[in-house]
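Colleague: Okay, here's what each chain looks like letter by letter:
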Amino acid sequence: MFKKILIANRGEIAVRIMRACRELNIATVAVYSDADRAALHTRVADEATHIGASPPRESYLNIEKIIDAARATNADAIHPGYGFLAENAEFAQAVNDAGVVFIGPSPFSIRAMGDKAHARERMIASRVPVAPGFQDADDDASLENAAREIGYPVLIKAAAGGGGKAMRVVNDARAFLEELNAARREALNAFGDARVILEKYVSNARHIEFQILADKFGNTIHLFERECSIQRRHQKIIEETPSPLLDEALREKMGNAAVAAARAVNYENAGTIEFIVDPDTRDFYFLEMNTRLQVEHPITEMTTGLDLAQWQIRIASGEKLSVSSEQSSVSSLQSPVSIYQRGHALECRVYAEDPSNNFLPSTGRVLDLQLPNMPGVRADSGIATGDEISAFYDPLLVKLVAHAETRDAALAKMHSALREFCLLGVTTNVEFLQAVLAHPTFRAGDATTRFLEEIGDWSLETEDWRLEQALMAAALVEMLEKKVASVEVAGENDPYSPWRTNGAFHVGGELPTDDERING
Amino acid sequence: MKLVYSHNAQTHTLDVTRAGDEFEITVNGEHARVQVISFAPPRLAFLYNGKIVTARVASDGQKRWIHMDGATLVLERAEPNTARAQTHGAREGTGSGIVIAPMPGQVRAVLVQEGDAVTAGQPLALLEAMKMELKVSAPHDGIVSKIYVTQGQSVEREQILTEVTKRGG
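Quick mapping for you: the protein sequence lines, in order, are chains A and B.
Residue 144 in my numbering is what sits at position 144 of the first sequence, and the numbering runs on without skipping anything.
Residue 111 in my numbering is what sits at position 111 of the second sequence, and the numbering runs on without skipping anything.
Treat the hints as calculated values from the structure; they're not laboratory data.
Treat the hints loosely; a few may be bogus.
Chain A residues, not near chain B, derived (Cβ > 12 Å throughout) [claimed, not checked]:
#1 K4
#2 H50
#3 A94
#4 M167
#5 A173
#6 K216
#7 P242
#8 G376
#9 G456
Derived pair list, reagent style DSSO-like, types lysine-lysine, alpha-carbon separation capped at 27 Å [stated by the list, open to error]:
#10 B/K131 - A/K236
#11 A/K65 - B/K131
#12 A/K482 - B/K63
Beta carbons: idealized from backbone N, C-alpha and C, even for Gly.
The whole structure should be built from the sequences, with the hints applied where relevant.
Modeller: Listed below in structure tokens is the structure:
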């Protein structure tokens, strides 16, 4: 097993991986940029190394600096988290070349899945269902012909792409060439590669993905599905497992396809096969593979009871999965654990964004943070009171996860958790999340990937009573703080004095500890 | 004590006085008596209409953040006499050709120069925040009369980026 792991990431995922390391008795190294000098992940780690300026290009995306940091701290493995360099084959190669273990798949697997045209070819060869499409040539005439044969609407995707960039839906033949050229320009800008592929556009689709675990010995299993249909601008917002759409037969078919897809690229470690499912025909198509740990992995952990971050580390260190013929168990060599889905889990992503300002990013200082604490609720947070939320990084602040016996019970639990959650100082989407959970379409389990867009207007009203009481609260604080100021000298005896508590109020830049954050 | 707050561009006037161990609060002309049960920042609890109201509160400059029963409100404290003028000045800038940042972030690129003629909807600058790119466009046809920001600079939400003067105006 590894002695020390460097986590080449920040925020909640860095903290989450460090905790997994601690439980495995492995020391941790954080890397941080200028903006993250005092960030939570640097405080949770055993040691922390500065790697550059705040823009990601100069720090978290700088391969050389991260490898230097691993060498300087004698780390024997690097965990990339998600985002940043997690799906960068050059990084994985450079880590290997430096004699350090990359906790993730081989550079070959990352490349094979990163190129959409090659991935499609491989999937077809492995009989994994792909949407009707075209990836054989890149000239205008061939593509235009192929689009006609596939039938509109057609999706143009960057071959080198991902994350929804340079992706265009074309509804009829007349617009095709114009959209093709626009997609090529965007692809060239974003990925330095203008090649595109075509796919049939499934307009009322569900996004359902399968978690994969694969060891170094050719054992590949899936850990069931996650449904992630609640998205905006290709950004997932709410995920759940099991999917309300799947029955046992379809689950098994998709699970087998996912395992075949992973095997097609000799996949090793944790990964996710994303599918598009047409809810009317129940046909499913390979969308892409994410060759890393997924943001929404906790819902799989809640329902299977497995710790995926720990399994990533264990697999990378050479541990073997034991797989029965029905592929229903994993084990460390000592103790087999059978795998099944227990209950229902939901994840809500708390983003630093303003629903009343077109969901654009919001920034600020965290003045107060209260995470829900109740049975069956998990909060993966990368922030603490006093932290500055800058515009440099991902808007994901906290992941709230609720696990209960049934979907309805998990929904009720999530509502309760969101009500208890409090973050002051930075505008978040928490009330919007409540509104989505309460929507009849979502409650019925019928939401497609276009659901948020179709509703369109998610504006939230402030109830009169709430505004009135909030105004009273503000006025009272003004009066009470005035009183504190006027009795400053005798402050010790004042029952209202903020100095009497150890809440979010702190003196001289002293930062709250992790324990205070969790409890407070 | 007279207090004025704005919330979603609406102003609210309050008057608070201490009356023994209670407070008398007038909110938009309506009187109420409340009793503070505890104030241990960020926690506040008070008795109002026979019910205990609990909140978490924090302030940041003129902003008052208040979390109650699953929702967070942001109130902006204002001086009683200047409240109206302030809210109007900032929000209605677009009509005068002042172009503001719709979100905080970094200026990725300034796409025009002072003196350039632009048409409505033409991109003026590119902002980036949290991996998201946003084009900021001209509100109307005109001349770029002033640019206030440079590439690479960080900006706050509603910070002025450029001014586009209407021709002949």
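Colleague: With reference to the structure, classify each hint as holding or not holding.
Modeller: Hint by hint, here is what the structure shows:
no., hint, verdict
1, K4, "holds (30 Å)"
2, H50, "holds (20 Å)"
3, A94, "holds (23 Å)"
4, M167, "holds (15 Å)"
5, A173, "holds (28 Å)"
6, K216, "holds (33 Å)"
7, P242, "holds (27 Å)"
8, G376, "holds (18 Å)"
9, G456, "holds (19 Å)"
10, B/K131 - A/K236, "holds (15 Å)"
11, A/K65 - B/K131, "holds (21 Å)"
12, A/K482 - B/K63, "holds (17 Å)"
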